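Based on the sequences and whatever the hints tell you, model everything.
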Amino acid sequence: MDWALPPNYSTFGVQIDQLFWIIFVITGIAFVLVEAGLILFIVKYRSRTGHKAYYTHGSNKLEIIWTVVPALVFVVLGVYSAGLWADIKNPSNMPEGAIEFEVRAKQFEWNIVYPGPDEILGTGDDFEVLNQFHFPAGEPVIVYLEAEDVIHSFFIPELRVKQDAVPGMRIPVWFDATQTGEFEIACAELCGLGHYRMEAAVTVHERADFDAWQASRALAQ
Amino acid sequence: MATIVAEAPGQATGHAEHEQSFLRKYIFSSDHKIIAIQFLFLTLFFLAVGGLLAMMMRYQIAWPDQPIPGGGILPESMVASGYILPEFYNALVTMHGSIMVFLAIMPMLVGVYANYLIPLQLGTHDMAFPRLNMYSFWLMVPAGIITLASFWVIGGAAGAGWTLYAPLSARPDLTGVELGQVMWLVALIFIGLSSILGSVNYITTTINMRAPGMTWFRMPLTIWALFITAILALLAMPVLSAAGIMLLFDQTLGTSFFLPEGGGQPLLWQHLFWFFGHPEVYILILPAMGFVSEILATGSRKPVFGYKAMVWAIVAIAFLGFIVWGHHMFMSGMNPTLGLSFTVSTLLIAVPSAIKTFNWMGTMWRGNLKLHTPMLFAISFVALFAIGGLSGVFMAATPVDIYIHDTYFIVAHLHYVLFGGSLFALFGAIYYWFPKMFGRMMSEKWGKVHFWTTFVLYNLVFFPMHGLGMVGMMRRIYDSTGYAHLEGIQDTNQLITVAAFGLYLTGFIFAFNFFWSIFKGKKASRNPWDATTLEWQTPSPPKHGNWDEVPVVYHGPHEYSHPDVLDKDWLAQNERPDVVSPAGGSH
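In order, the protein sequence lines correspond to chains A and B.
Letter by letter, the first sequence follows residues 1 to 221 in our numbering.
Letter by letter, the second sequence follows residues 1001 to 1587 in our numbering.
FYI, nobody ran anything at the bench for these hints, they're computed from the structure.
Nothing here was measured: the structure is a model prediction, and the numbers come from that model.
One or more of the hints may lead you astray.
As the list claims (entries may be wrong) - In silico DSBU-like cross-links for lysine-lysine, where the CA-CA straight-line distance does not exceed 30 Å: (1) B:Lys1448 / A:Lys44; (2) B:Lys1308 / A:Lys52; (3) B:Lys1522 / B:Lys1543; (4) B:Lys1448 / B:Lys1568; (5) B:Lys1523 / B:Lys1448; (6) B:Lys1025 / B:Lys1520; (7) B:Lys1523 / B:Lys1370; (8) B:Lys1308 / A:Lys61; (9) B:Lys1025 / B:Lys1522; (10) B:Lys1568 / B:Lys1370; (11) B:Lys1445 / B:Lys1523; (12) B:Lys1445 / A:Lys44; (13) B:Lys1308 / B:Lys1520; (14) B:Lys1522 / A:Lys52; (15) B:Lys1448 / B:Lys1520; (16) A:Lys44 / A:Lys61; (17) B:Lys1370 / A:Lys52; (18) A:Lys52 / B:Lys1568; (19) B:Lys1568 / B:Lys1543; (20) B:Lys1568 / A:Lys44; (21) A:Lys44 / B:Lys1308; (22) B:Lys1448 / A:Lys52; (23) B:Lys1523 / B:Lys1025; (24) B:Lys1445 / B:Lys1522; (25) B:Lys1543 / B:Lys1523; (26) B:Lys1543 / A:Lys61; (27) B:Lys1523 / B:Lys1568; (28) B:Lys1445 / B:Lys1520; (29) A:Lys52 / B:Lys1543; (30) B:Lys1445 / B:Lys1308; (31) B:Lys1370 / A:Lys44; (32) B:Lys1522 / B:Lys1370; (33) B:Lys1370 / B:Lys1520; (34) A:Lys52 / B:Lys1523; (35) B:Lys1448 / B:Lys1522; (36) B:Lys1448 / B:Lys1370; (37) B:Lys1445 / B:Lys1370.
To be verified - Here's a subset of chain A near chain B, in silico, CB distances under 10 Å, partners left out: (38) Asp17; (39) Ser59; (40) Phe74.
Think of the CB as a built atom: it goes at the ideal place given N, C-alpha and C, for glycine as much as any other residue.
Here it is, written out as structure tokens:
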């Protein structure tokens, strides 16, 4: 196994991966300091006969340092996270002019509703395909997530997308694939005995190929 | 501060020696020490059961295409022609988590050690309500029986995860589990009641029954941790019980609290569950932190570094613990703007955890470290809890959580906190307080063998799970081999499984040492660790009623290596420094 995130195909995925590695470095430093400190202390202060421990009840100066320093690091992380989070998840930040799909999850399948050649959901040329999600690369996509029975979670690792689908709710999710490719939708929330096999194929096309694919499917309906 | 030590109501003969029937003395006992030992046996049993369920899960994950050895002894509804069925796998996932949290770790931290230590470390004869205490143990027994029985009913045990997310948990038609889910909720209601009764007792005892001179800031950190934990449990458990009853109604009476088709809200369950669930996380770690502070001070022969900062950190964690629940729900469909406020509170709660970690290191700094088994477990608690705390930062950063939520990264994180943290501290606590409980020492040699094998295998099991999470392996999946993005992880999964089997076997080293030492261990003195807190100033084991004469407390809890005390490196809480050494000051 490679200790790596899978290749990223998503616009905001670049920033998510960056933040992951920034946190990796910060926590890595803290990790090394703590573990090295513990090992050092075990070696250096191991009990010796005749030795008496240094008597102290603490140090206010140190308490302030190790309260303020982590707090500052966390504030910076929090502010940076909040901005990126709002860009990705806030409904008011959904990109305009995106192509829209509806995804209906149910035990144990993903039903994809396509807008058809007119690219508008809820019109006569809409059609449904089970467990096959095709969309164009290089432009924003919005998926309206619904669930028919229990909670499922829409997870495409390479696009850095995850969102629970909840019965009774219609939740918008957007992403923008940077390249064409073939991936899978996995279900990330325990949804019953077939949870482990609730997967669907994802195909990201060039725009022209997608139009052709959608036209052929629309005709076939 | 004047603290009146009254004899416990209903226990007027508390410290008088008198004959009790076997039944009253060992079975339906109201002696806090016996109840603690009863809890210890019960929870060790469930630790073994919970672990066994994990072994079956690990086998399935590593070798999904091979029949499980010995699977034939299980009924067809669990293992069909040698293969674990997906519905049984879901029951394993659910019941492993449920049993470990509610029947093993939580009652071991609180039921065993709050019961055992609060009266002894505070210098009183028993709990404020001894009979209530007895009920709190005996409510756990039916809960345990119902839980185990649920595996054998039609449809099997509960299979909707320990978090019981509705609608999955509420609609038997979607899981095939009907009675099992109901039984688990009934067991949970028993457990909730037991925990509430226990908490009332711990809080009352701590507030009212401290020995003369035992002011709030002279209490051992264990007591602080257990006291604050009891407040958390008292405020959080009723929420779970109420939510559990609502869910039970949805399952059986046709209500729709959590079902959208009848106007209910699936997310309401998650809010209620995690409003309990996050304080629960701290219920599962604060007592462990208390034990570790105590053991580190004793083992380092130094006072706890920053005692007051440690107390305020516990209080801060407890308060903030009630406003972070939404960080379990970043991907749930909850309003994303709300996510922001939970990110802030979550990052805030990391600060007191950091403070505690640095103070533990400060306690060891320039100490005179005795590396006995309890100390080894306590030091590794700090080492492993640090990893669990740091991996939590990834999840608190919501954009990163989008990717790692519901993956093995979370499984790694929670086991670093709950196993590397809570359970390592518990092993330390068992070795440390065993001589007081049973009057004999556990074997140091086998204790060290247990420690090193556990430490190495533990890390082999759980550290690689961070990598599985990075690759994108989802939690709770029966078989990961069907996914393109999960190709190439099977070797790692098999390594983890082999190490997990080894880790389970180390439990037998512990069990052997534990039971052998009860009967054959070296006789323990009153104070085998040269410790300062009050429980070590009584005989091992203390008799019914603990003290002939209630001790008087003169100073703080961890006076090790005081410069004015010349002939030894510790000063018990009930020893006057000017008597031990005329020039002595008090702290």
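Results of checking the hints against the structure:
1. B:Lys1448 / A:Lys44: 20 Å, holds
2. B:Lys1308 / A:Lys52: Roughly 24 Å between the alpha carbons, so the hint for Lys1308 (chain B) and Lys52 (chain A) holds.
3. B:Lys1522 / B:Lys1543: 19 Å, holds
4. B:Lys1448 / B:Lys1568: 27 Å, holds
5. B:Lys1523 / B:Lys1448: Between Lys1523 (chain B) and Lys1448 (chain B) the Cα gap is close to 19 Å, so the pair holds against 30 Å.
6. B:Lys1025 / B:Lys1520: Holds, at about 23 Å.
7. B:Lys1523 / B:Lys1370: The given pair, whose Cα atoms are some 20 Å apart, holds under the 30 Å limit.
8. B:Lys1308 / A:Lys61: Given that 30 Å is the threshold and the Cα spacing comes to 14 Å, the pair holds.
9. B:Lys1025 / B:Lys1522: 25 Å, holds
10. B:Lys1568 / B:Lys1370: 15 Å, holds
11. B:Lys1445 / B:Lys1523: Measuring from Cα to Cα gives roughly 16 Å; hence the hint holds.
12. B:Lys1445 / A:Lys44: Status holds; Cα separation ~23 Å.
13. B:Lys1308 / B:Lys1520: Distance ~41 Å between Lys1308 (chain B) and Lys1520 (chain B) Cα, so the pair is violated.
14. B:Lys1522 / A:Lys52: Given that 30 Å is the threshold and the Cα spacing comes to 28 Å, the pair holds.
15. B:Lys1448 / B:Lys1520: 18 Å, holds
16. A:Lys44 / A:Lys61: 24 Å, holds
17. B:Lys1370 / A:Lys52: It holds: about 12 Å lies between the C-alpha atoms, which stays within 30 Å.
18. A:Lys52 / B:Lys1568: 10 Å, holds
19. B:Lys1568 / B:Lys1543: 27 Å, holds
20. B:Lys1568 / A:Lys44: 22 Å, holds
21. A:Lys44 / B:Lys1308: 27 Å, holds
22. B:Lys1448 / A:Lys52: 25 Å, holds
23. B:Lys1523 / B:Lys1025: Answer holds: Lys1523 (chain B) to Lys1025 (chain B) is near 23 Å, not above 30 Å.
24. B:Lys1445 / B:Lys1522: 12 Å, holds
25. B:Lys1543 / B:Lys1523: 16 Å, holds
26. B:Lys1543 / A:Lys61: 45 Å, violated
27. B:Lys1523 / B:Lys1568: Given that 30 Å is the threshold and the Cα spacing comes to 22 Å, the pair holds.
28. B:Lys1445 / B:Lys1520: 14 Å, holds
29. A:Lys52 / B:Lys1543: With Cα atoms ~34 Å apart, Lys52 (chain A) and Lys1543 (chain B) exceed 30 Å; violated.
30. B:Lys1445 / B:Lys1308: Distance ~36 Å between Lys1445 (chain B) and Lys1308 (chain B) Cα, so the pair is violated.
31. B:Lys1370 / A:Lys44: Given that 30 Å is the threshold and the Cα spacing comes to 12 Å, the pair holds.
32. B:Lys1522 / B:Lys1370: 19 Å, holds
33. B:Lys1370 / B:Lys1520: 24 Å, holds
34. A:Lys52 / B:Lys1523: 28 Å, holds
35. B:Lys1448 / B:Lys1522: 16 Å, holds
36. B:Lys1448 / B:Lys1370: Cα-Cα ~13 Å, so holds.
37. B:Lys1445 / B:Lys1370: With a Cα-Cα distance of about 15 Å, the restraint between Lys1445 (chain B) and Lys1370 (chain B) holds, given a limit of 30 Å.
38. Asp17: This interface hint holds because 8 Å falls under the 10 Å limit.
39. Ser59: 8 Å, holds
40. Phe74: With a minimum Cβ separation of about 4 Å from chain B (threshold 10 Å), the hint on Phe74 (chain A) holds.
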